[in-house]
Amino acid sequence: MTTTLAAGSLDGSSATPPPPLRLGRSRLYTRRFARNRPAVAGVVIFLLLVAYASVGARLTSWSWSAQDFLTLTQPPGGAHWLGTNQGGNDVFAQSVHGLQRSLVIALSVSVLTTVVSAAVGASAAYLGGRFERWTLALIHFLLVVPSFLVLALVSNRAGGDWRILILLLTLFGWMFTARVIWSVSTSLRERDYVLLAEFMGVPRWRIVARHIVPHLGALLIVNFTLGVVTTVLSETSLSFLGFGVKTPDVSLGSMLADGSATVSSAPWLFVTPAGLLVLLTVSLTLIGDGLRDALDPTSTAGSRR
Amino acid sequence: MTVVRYVARKTIGWLVLIVVATNATFFLATWFLDPRSNYRDLRPVRTDEQIAHALEPYGLSPRWSVVHRWWYWLDGVVLRFDWGHSPTGVPVDSEIPQRVLVSGQLILLGTVASVVIGVALGVYTAGRQYGPVDRVSQALSIVLFNIPTAVSALALVLCAIWLNQRAGSTVLHVAGADTAGVDGTWATVLDRANHLVLPTLNLTLLGYAGWHLTQRALLLDTLNADFVRTARATGLTRAQAIRRHALRACLIPTATSVAFSIPAVFTGAIITETVFGWEGMGRYFTETIGQNNVDGVVAVAAFGAVATAAGAILSDVATVALDPRVRAS
Chain U
1 MTTTLAAGSL DGSSATPPPP LRLGRSRLYT RRFARNRPAV AGVVIFLLLV
51 AYASVGARLT SWSWSAQDFL TLTQPPGGAH WLGTNQGGND VFAQSVHGLQ
101 RSLVIALSVS VLTTVVSAAV GASAAYLGGR FERWTLALIH FLLVVPSFLV
151 LALVSNRAGG DWRILILLLT LFGWMFTARV IWSVSTSLRE RDYVLLAEFM
201 GVPRWRIVAR HIVPHLGALL IVNFTLGVVT TVLSETSLSF LGFGVKTPDV
251 SLGSMLADGS ATVSSAPWLF VTPAGLLVLL TVSLTLIGDG LRDALDPTST
301 AGSRR
Chain R
1001 MTVVRYVARK TIGWLVLIVV ATNATFFLAT WFLDPRSNYR DLRPVRTDEQ
1051 IAHALEPYGL SPRWSVVHRW WYWLDGVVLR FDWGHSPTGV PVDSEIPQRV
1101 LVSGQLILLG TVASVVIGVA LGVYTAGRQY GPVDRVSQAL SIVLFNIPTA
1151 VSALALVLCA IWLNQRAGST VLHVAGADTA GVDGTWATVL DRANHLVLPT
1201 LNLTLLGYAG WHLTQRALLL DTLNADFVRT ARATGLTRAQ AIRRHALRAC
1251 LIPTATSVAF SIPAVFTGAI ITETVFGWEG MGRYFTETIG QNNVDGVVAV
1301 AAFGAVATAA GAILSDVATV ALDPRVRAS
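As they're listed, the protein sequences go chains U and R. Those letters in the first sequence? Residues 1 to 305, per the working numbering, in order. Those letters in the second sequence? Residues 1001 to 1329, per the working numbering, in order.
A few chain R residues facing chain U, derived, Cβ under 7 Å:
| # | residue |
| --- | --- |
| 1 | ALA1021 |
| 2 | ASN1146 |
| 3 | ILE1147 |
| 4 | ILE1271 |
| 5 | ALA1301 |
The hints are simulated quantities; they were obtained by calculation from the structure and are not laboratory data. Since this is a predicted model, take the numbers as computed values, not measurements. The C-beta atom is built at its ideal place from N, Cα and C for all residues, glycine as well.
Taking the hints into account, I'd like the entire structure generated from these sequences.
Following this line, the structure appears as C-alpha cells:
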C-alpha cells in the first residue's frame, strides 16, 4: 500500500489529496500499462481484431459457407475482396468466421485452464501431503507425455466439433501453469494471514479460495493472456494437420491448410489467415507482457527511464 | 563414477516413464482408432466376419479383448522387438528406422541450433540492455516467438520459391529429404544438406526466440548480483565476470528447461515435415492417425518419449556440470 502512495506522489499528484486506495491502485496499474507503448499497441490491434470478427460478417453479402461456383480460386479484388478458394468460398467471409472460431476456442480454453490450474496448483500447495505428491507426479507425467499426439488422437475421433476441442485443449493445457502456481503458492501458505485463518477455524477449501487464490491474481491474469496465445498456436497446429476444426467448419488453422498446397500459385489463401494469426498472437503477447510489468510491484519497467 | 551411477539411476527412472507412456498410448489408440474402417470402403463390401478375419494375423482383431490385443502387441515388442503391423499388414518396423534418422537429425539440429543461437544472443543483448541491437532483436524475437509453425514454414517455402525463380535454378530444395538419382558420397551429402536447410531453419527460427528472451531476462537479473560484483573486484573485466560467473549461474535454469522443450520441438517437427514433404516420424504421425494404424501411433509415441528422455538426461548432466551445489549422488 505504501508503494501506491509513494508512486502517486512521485507522479506529481502530491498537491492534491491522495484518492481512495482502491481507485489509486487501479489508476496506478492503468497508468503503468498506458506508459508501455507496445502494450497499448497490442490492445489496439486486439480490439480491431475483435471488431473484425464481430462485425465483419455484416460488411459482406457473402456467407462463409456459401460457394460461388462461377469464381473458383479468384485473386483478391472485385466482388470478393480477399479472393476465393478452390471451392469458391469467399476468403473474407471465411476469415471472419475462422477468426471468430479461433478466438472463441482460445478465450474459453484459457479461462478454463486458468481456473483449473489455479484450483489444482493452490490446493496442492496448501493441502500438502499425499495429495500434493500425487498431483505433482501427475503433472510431471502429463508434461512429458506427448500430449499433442493424444490431443490429435482424441480430437480426430471427435470429428471436428469445436466444443469438444475446447474440452480437450483444457484437459491437456493446465499442467504447466498449475506447476508455476504450485511453486508460488508454497510460499503463500506460510503467510501469517493463512495461519490466522487456520486458527479461526476457517475450512481448508475456503482458505484456498479466499486467501491463497486472490493473492495469485496478477500471475493468473498474465497467464490467462499468454494462455490464449498458446491455445491459438496449438489449435492452429491441430486444425492445420486436419485433426482440429474440420470442414464444413472453418478456423484460421484449417484455412492455412487450404492455402498450403497452392502457396505460390494462390498466395492470398495463405496470406489472410497467416496475417490474422500473427496479429492475434503478437498483440496478445504484448498485452500479457504489459500486464505483467504493470501488475508486478517490484517491476521497474513502465516507469520513466 | 558417481556421475555414471547418477545417470544410470536417472535413465532407469525415465525408462519406467517411457514404458508407462507407451502402454498408455496403446490403450488410448485402441480406444480411439478403429482399424476396421480401413476395410469398410473396399469393394466388394466385406462382412464384419471377413474384416475381423483379415485383421487377426496383425493382432488387431475386434473379436479379441483389448487386453488380449495389448498382450499380443507387448509380446511382439518385448520378445522380438516387433512393433506390429498397420491394419493393411505393412510392418511398422519397415517404416521406422529410416524415419527415425530423418526426424532425429531434424530435432537434434533444430534444438541445438536454437539453444546455441538463443543463449548467445541473450548474453550479447543483456550486456547492451536498451541499446539499438537489443531493442531490434527483442522485437524480432517477440514476433518470431508467436508465429505458428505452419505459417513460418509456408512463408519459408514462399521465400525459397521466389529465390529459386530469381536465380533461375533450384538454389534451395523445398520438398523432400533427398533428390532421387543423386550418386556419389559428396553429391549425396551436399544434396541432403541442402534439403535440410529450410526445415532446420524453420525449427530454429521458432525455437531460438524463446531461449533468447528467457536467457536475456535471467542474465539481467544476475548481472547486479553480489557474486558478480565480487568477481569484478578480484580484477576480472566485465566480460570475464559475465562469462565465468553470471552466465554460469543462469545457464542452469536454461539447461533444465531444454528437456521440457523437446515435446514442443517434436510438435514443430510434425508440422515442418508435413509442409516440406519429409518422410519422417512427424509425417508418420499424421498418416498413422489418418489410417487408424494403432501400432504405428504407439511407435511414434515411443519415439517422442525416448526423445524427451534423451533431452532430459542430457540436461541433468549439464546441470550437474554447471551447478556446484548439485552433487551427483
